[in-house]
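Here the structure of chain G is known, so what remains is to put chain V in place on it, guided by the hints.
Number of protein chains: 2
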Amino acid sequence: MSEARDEAPRGVFAAALTPMDGNLNVDREAFALHCRRLLEAGCHGLGVFGTTGEASSLSAKERAAALEALVEAGIPGERLLPGTGSCALTEAVWLSRAALEAGAAGVLVLPPFYYKGVTDEGLYRFFAQLIERVGDGRLRLYLYHFPQMTGGVGISVPLVRRLAADYPEVVRGIKDSEGSWPRIEALCRELPGFGVFAGTERFLLDTLRAGGAGCISATANVTARLARRVYDLHAAGEPGEASSAQRRLTGLRKALEAYPAIPALKLLMRDLTGEDRWLNLRPPLVNLEGESAARLLEEARTLGLAEHAP
Amino acid sequence: MSEARDEAPRGVFAAALTPMDGNLNVDREAFALHCRRLLEAGCHGLGVFGTTGEASSLSAKERAAALEALVEAGIPGERLLPGTGSCALTEAVWLSRAALEAGAAGVLVLPPFYYKGVTDEGLYRFFAQLIERVGDGRLRLYLYHFPQMTGGVGISVPLVRRLAADYPEVVRGIKDSEGSWPRIEALCRELPGFGVFAGTERFLLDTLRAGGAGCISATANVTARLARRVYDLHAAGEPGEASSAQRRLTGLRKALEAYPAIPALKLLMRDLTGEDRWLNLRPPLVNLEGESAARLLEEARTLGLAEHAP
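Sequences listed follow chains G and V, in order.
Quick note: the first sequence uses my numbering, first residue 177, plus one each step.
Quick note: the second sequence uses my numbering, first residue 177, plus one each step.
So here's chain G without its partners, still in its complex pose (with noise of 0.2 Å):
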């Protein structure tokens, strides 16, 4: 096993939020203090400009400009794995390039997710000419497998399988946000060494003892230090207190997901920091109001969610 192998990416990731200003731009200052924050609670690593960093909502430029900026505030380019997906292959390739220039530890891709009922062949061309177009031994790809956003255009295990085969030194590893244990569990065993994140901190534990590389989660913006104590509790060989507190993770995690993702997450944000930009959104998104406003933030005082927080 290659010593870049030993420092594969691996344990509590958070899929950072990108606060946007009043113009509805990234804030830069504000994402850089966000994503310190949460490597100070505990996150191993970042998946920034992911489906919770609002990347789609975002040209190629200004995710690019963007993640330079926050690697000039001081970010470890090593310890982010950006989203560098497109419908577009020249533009996944400029994205990717950019982020091996920033430095990062991997780029995160979606695949290309505006034709349905595609096919694992024209699949597999995308991901193997992204790869051959960026030319660069340093690329570490990890598929990023989100069926429910894409529109069902997902990225199958017999996929998964031919590209790790084909690619063995750039296909490093997936997150899967598809929501399926028994997917995430054939992934971690016909793959050993392959860095399997689950896209829920739900599975955190249950991944990590399947021989997985750990979890790329929205809320881990806001349960960052509980779930960092589940990984710790693991790599200590404290198997009764791990899965307690991985009780207390999912129970977390539960009542965040009956709400919309990202405007729940910044309306906790904004509750947890005061920061009044946490409710700028870009269009389509829009914030939580009302009700269902009133009832997450009652919801997470009683769960004492503000402790676990970054």
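Simulated from the structure, these hints should not be mistaken for laboratory data.
Hints should not be assumed to be uniformly reliable.
Identical copies look the same in the list; a pair holds intra-copy or inter-copy alike.
Pairs of lysine to aspartate or glutamate, EDC-like flavour, derived with a Cα cap of 20 Å [said to hold, decoys possible]:
hint : residue 1 : residue 2
1    : Lys237    : Glu205
2    : Lys237    : Glu474
3    : Lys292    : Glu354
4    : Lys237    : Glu451
5    : Lys430    : Glu277
6    : Lys430    : Glu474
7    : Lys292    : Glu433
Frame of chain G, contents of chain V only:
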């Protein structure tokens, strides 16, 4: 009724295919040639960079540059309705401005299609912000409704009404590709003078009779002559002959609908023109091959497609 409204796009529009070269870049020369052929075959105009034009597979820069090149090659901007939608508001603004610079008759705009379960209010804000950020009195916006491709994110009839009421000088019409005749009929009835284009030439005559503007259709890449005949017979007040031509047109469309649209149309174009470049497709799309390719070509011959095609 203003002069601008009298000159509003109307009639048979092909959702033009985008020919690619061997490196899967837009083949600008072939693109201009194809557009010229479509206009000579009777298309009143062209919906370029829509679903059929593989717009989502091209970066924003590629789309804008190819549009500029098309106009420079002599395709009149006023015959073009380029797709300028993007999940990113900032990119849709940039593309729409580029379309205005190219002298386009209007822009065809998808809703942002990554996030699912978004509200009409969120989509309204997207379009409203787009219009306000472009901030150009020349902007003519056509909504692009295609929920099958956008994973269910559609533009509801109340949302169409709200946008048309709030921005009457800008929001001038819709391309409705859902495939529901009652919906198209309702739009024609509820919004007299609104430019309703059916997304299929199946509904061409019905749409014209209901007071709509026409159709913008993928299959018009190969059925343009016959579609134009339907339009002309209707305009000449020949309802019987128009209906009979529409029946033949519907027959063609139904036969073609059985195949994946873009690979099938590119294969037919290769067959009709002998130009091999028509087989260049960006992944995730793949060519039609083997038995289904043979079946399509045979069916096209049986239906006499060559005589209706550009």
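Q) What are the numbers of the hints that this structure violates, sorted from low to high? A) Failing hints, ascending: 2, 4 and 5.
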